[in-house]
Amino acid sequence: QKEVEQDPGPLSVPEGAIVSLNCTYSNSAFQYFMWYRQYSRKGPELLMYTYSSGNKEDGRFTAQVDKSSKYISLFIRDSQPSDSATYLCAMSDAGNTPLVFGKGTRLSVIA
Amino acid sequence: DGGITQSPKYLFRKEGQNVTLSCEQNLNHDAMYWYRQDPGQGLRLIYYSQIVNDFQKGDIAEGYSVSREKKESFPLTVTSAQKNPTAFYLCASSQDRARYNEQFFGPGTRLTVL
Chain A
13 QKEVEQDPGP
23 LSVPEGAIVS
33 LNCTYSNSAF
43 QYFMWYRQYS
53 RKGPELLMYT
63 YSSGNKEDGR
73 FTAQVDKSSK
83 YISLFIRDSQ
93 PSDSATYLCA
103 MSDAGNTPLV
113 FGKGTRLSVI
123 A
Chain B
252 DGGITQSPKY
262 LFRKEGQNVT
272 LSCEQNLNHD
282 AMYWYRQDPG
292 QGLRLIYYSQ
302 IVNDFQKGDI
312 AEGYSVSREK
322 KESFPLTVTS
332 AQKNPTAFYL
342 CASSQDRARY
352 NEQFFGPGTR
362 LTVL
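As they're listed, the protein sequences go chains A and B.
Numbering-wise (our numbering), the first sequence opens with residue 13 and increments by one.
Numbering-wise (our numbering), the second sequence opens with residue 252 and increments by one.
Simulated from the structure, these hints should not be mistaken for laboratory data.
Backbone N, C-alpha and C fix where the C-beta goes; we use that ideal spot for every residue, glycine too.
Careful: at least some of the hints might be erroneous.
As the list claims (entries may be wrong) - Here are some, though not all, of the chain B residues that point toward chain A, as calculated from beta-carbon distances under 10 Å:
#: 1; residue: Pro259
#: 2; residue: Leu262
#: 3; residue: Gln288
Claimed, not checked - Under the rule of at most 27 Å between Cα atoms (straight-line distance), these lysine-lysine pairs were calculated in the BS3-like manner:
#: 4; chain 1: B; residue 1: Lys322; chain 2: B; residue 2: Lys260
#: 5; chain 1: A; residue 1: Lys14; chain 2: B; residue 2: Lys308
#: 6; chain 1: B; residue 1: Lys334; chain 2: B; residue 2: Lys265
#: 7; chain 1: B; residue 1: Lys321; chain 2: A; residue 2: Lys54
#: 8; chain 1: A; residue 1: Lys14; chain 2: B; residue 2: Lys334
#: 9; chain 1: B; residue 1: Lys265; chain 2: A; residue 2: Lys54
#: 10; chain 1: A; residue 1: Lys82; chain 2: A; residue 2: Lys14
#: 11; chain 1: B; residue 1: Lys308; chain 2: A; residue 2: Lys54
#: 12; chain 1: B; residue 1: Lys265; chain 2: A; residue 2: Lys68
#: 13; chain 1: B; residue 1: Lys334; chain 2: A; residue 2: Lys54
#: 14; chain 1: B; residue 1: Lys334; chain 2: B; residue 2: Lys260
#: 15; chain 1: B; residue 1: Lys322; chain 2: B; residue 2: Lys308
#: 16; chain 1: B; residue 1: Lys260; chain 2: A; residue 2: Lys54
#: 17; chain 1: B; residue 1: Lys265; chain 2: B; residue 2: Lys308
Claimed, not checked - Computed beta-carbon distance windows for the label pairs:
#: 18; chain 1: A; residue 1: Gln92; chain 2: B; residue 2: Ser331; range: 41 to 47 Å
#: 19; chain 1: A; residue 1: Asn39; chain 2: B; residue 2: Lys260; range: 43 to 49 Å
#: 20; chain 1: B; residue 1: Tyr261; chain 2: A; residue 2: Ser38; range: 35 to 41 Å
#: 21; chain 1: B; residue 1: Glu320; chain 2: A; residue 2: Lys14; range: 32 to 38 Å
#: 22; chain 1: A; residue 1: Arg72; chain 2: B; residue 2: Thr328; range: 37 to 43 Å
#: 23; chain 1: B; residue 1: Gln346; chain 2: A; residue 2: Ser94; range: 24 to 30 Å
#: 24; chain 1: A; residue 1: Glu15; chain 2: B; residue 2: Leu365; range: 30 to 36 Å
#: 25; chain 1: A; residue 1: Asn67; chain 2: B; residue 2: Ser258; range: 24 to 30 Å
#: 26; chain 1: B; residue 1: Lys322; chain 2: A; residue 2: Arg72; range: 35 to 41 Å
Based on the sequences and whatever the hints tell you, model everything.
Structure below.
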């Protein structure tokens, strides 16, 4: 079983839809959880950063962590064509150990 | 204008040649990282450095070498020993020991071996 599992998609939704992106993980020691957005042929950019369980909201984006289920989610409300990108989850077990990345989910938002 | 720069954007190399990818940051970040990205493979860690003059191997260090002589610079050399070097290479940095997880990425270098 891989440490971090992420459905590669592609996921195609109409503009304005609510998008749910998910990752599961096996290492119960993971405490730090991140979501990155990567446009084609660009470097990833940090979208959301959360510590331990709970929700965090930033504009149209909400990150959710359920440590009991080893499951994290990123919700995008009122999705826009500019949200079309690959979304990578990442996590680690302490502040100074390397991140473990999911393989990314490719999202297309159709106008 | 603060950020991470990588050069060149595209690089072509003949088999058997070593090539060095540049990564510079002016964010005053302590830690720097090199990743390789292949289609469908996600990001894989090659090397990372948490302090000047020190670095650690990541998951796929074979065929690569790095140096960290200055805080702002972390060049990656792809040697001829790397069997399949064609990939997208990403450099990242993070601020300090308390914030190693908040990594910020450069624009990447696409290396093609001819």
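Hints the structure violates: just list their numbers, smallest first.
1, 2, 12, 19 and 25
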